[in-house]
Amino acid sequence: MRVGLFVTCLVDLMRPRIGFAALTLLEAAGCEVVVPETQTCCGQPGYNSGDRRSARVLARKLMTEFEACDYVVAPSGSCAGMIRTHYPDLFTDDPAEAERVKRLCERTRELTDFLANVVKLERVPGTFEGKVTYHDSCSGLRELGVKTQPRALLARVPGLTLEEMPEAEVCCGFGGAFALKFGDISSHIAERKCANIAAAGADAVVLGDLGCMLNIEGRLRRRGDTTTRVLHVAEVLAGNVEG
Amino acid sequence: MQVTSMHFKARAKEKLADAKLQAALRKLQGNFVKGRADRVAELDNFEAIREAGAEIRERALANLDLYLAEFENNATARGAVVHWAETAEQANRIVCELAAQYKARKVVKSKSMVSEECGLNDALAAAGIEVIETDLGEYILQLAHEAPSHIVAPVVHKSRDEVSDLFEQKHGKPRKTGIAELTREAREMLRPHFLGADMGISGANFIIAETGSTLIVTNEGNGRMVTTLPRVHVAITGIEKVVPTLEDVATLLRLLPRHGTGQTITNYVSVTTGIRGAGESEGPEHFHVILMDAGRTRLIGSDLQPMLRCIRCGACMNHCPVYQSIGGHAYGWVYPGPMGSVLTPLYVGLENALDLPNAATLCNQCGVVCPVKIPLPDLIRKVRERQFERGLKPWWERAGLALWGWTARHPALYAIMTAIGARALAWMGGSGKLIHNLPLGGGWTGRRDLPAPQGKTFREMYGRHWRRS
Ligand code: SF4
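Protein chains in written order, with my numbering: chain A, 1 to 243; chain B, 1001 to 1469.
No lab work stands behind these hints: they were computed from the structure. Note that CB positions come from ideal geometry on N, CA and C, so glycine has one too. Incorrect hints may have been included.
[Claimed, not checked] Quick partial rundown of chain A residues pointing at chain B, CB under 7 Å, derived from the structure:
(1) R151
(2) A168
(3) A179
(4) S187
(5) T226
All chains should be modelled from the sequences, with the hints used to inform the complete structure.
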């Protein structure tokens, strides 16, 4: 099975480690992984800012780059959600393209969803000594139904225990450009998430979206928490956690 | 109502720092959020009811002209008079003319958000007519000269202590502290007004085409008095509130209280049909229904039409992380939260509410809880698209988007830019790998850090694989 890894722009720029962890996991599942070299961004920043045209251009570019893959997998609910739930909206007035989009959507999966439901990964490479809590990122949860998949996979990591936090499904306040434009409100919402994380008393909060990671880690550190780790689920599953 | 949505940012900042408001908002999360979840869990066919509710509203909107005509016919047949108001000013004028026609000096009102849209109370006061709000929340706000901050619980931003102080000061009676005592005192103050009013003004949660009736749901019973005691009853609402049949309304009533207040049903559901008939002892002698457009028909047939399905339950704001953080006043008009972020710019003008559709994380908690399945985040995004198309986005945002879009289309250049960016940010992060103060990114780093990148991009690190193959 030929799987195209869509690294996503934030992982590329901020945390390449997560991209490599995703690669490890897909290979562990026996996939032939290709990483199209020209990939950049799915178009979400433009789309969510009301700029449909630029989003459409980037959507077309991505479609072409991943044309030859059986699946497109992204370590991000928000980018996979952009493709699966929003690309069709970008091409409603273009029936020729609509068919291509539909095929892309059917083949696109968020990483944990792919691992748990498509390749049904039984053994995960990683180990983790300690207690983690899981934050459900909005797009993954509410656009793609990613809820049990990461938990089922984490349950297979030796040494790891999961402690649910209160309000795990409530938004962390990231919201893309919202975090910059309305920083006060965004940080206020993040603070509530951090208090919930603290209530779980875990060694690490694990999640599946880089935007939320940066937001939560940024607020945790500012509120003086230097110990709770913020980890992408791929890092934990792959055992690719920074020292 | 005056629009102050332009000041959203500044007011939001004040609200975040308002400890009393923050405490009040926390209550809301508990009562309404949990209440809704419990009431929904009781229904084994909840999704089917929700589906039916959305379908009913959509059907009504698809045939709006027909159902409105049917409503008018049936209402007229029962002795009501139907008025059409194209604008909020027209609606005010009609009410003032009716008050003059019936020589009304005193008006009692039950809760109506449409009358808030019009600023009806001010218009009546300007015409020399005394207006008394009789919904407890609205009564408190009238005494305090404040605007509602929530469409179902208008006074949710106030603590009980503040109400005690207000009543003591305005009523001139010994200070009460219990909710029951405070309510009793308000009732005592309101009773003579009910008996002395010449006109009652209500809103309508729904208007029913097949019977020509208006319907309100209330918990205090004041709505019944307003619609039956005075000799004239005026109901004012938006044209989109029409529902084909009583049966349809019954379905919607299974959703509205559960989502609004966490009740299976409100204490009162009042269906008002026509005037007092011969031999009947109750009801008004005159019944007027004012159906207001004020921007609604502009949405019909557009990609924003689903917004008109709204049954004003308030669930979207109760569940919204932004509303939960700042309350309703910062939104600057009648409708706050996600539904307000769509409606306000559309009703008062995109340019007068630029921040609202952008002040959302698009987390879709609102869309998930909306009882009539309005895809709120999608509609919020569509309002952003309208802003973009009309050039209403700030230059720096447009420039930033254009630059990003262009670079992302040129992978070689993109690779260089991101490599430079990753290094620059990593350098700024220093040994602690945290950026405390990002130039031009004060929005981010004002109250949180930015974790620094690893230093090289994925593309650089993976590069050798590409070169090998
Ligand atoms: S948009 Fe939906 S959830 Fe919000 S008030 Fe209207 S009906 Fe209720």
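Numbered hints the structure breaks, given as an ascending list: 1, 2 and 5
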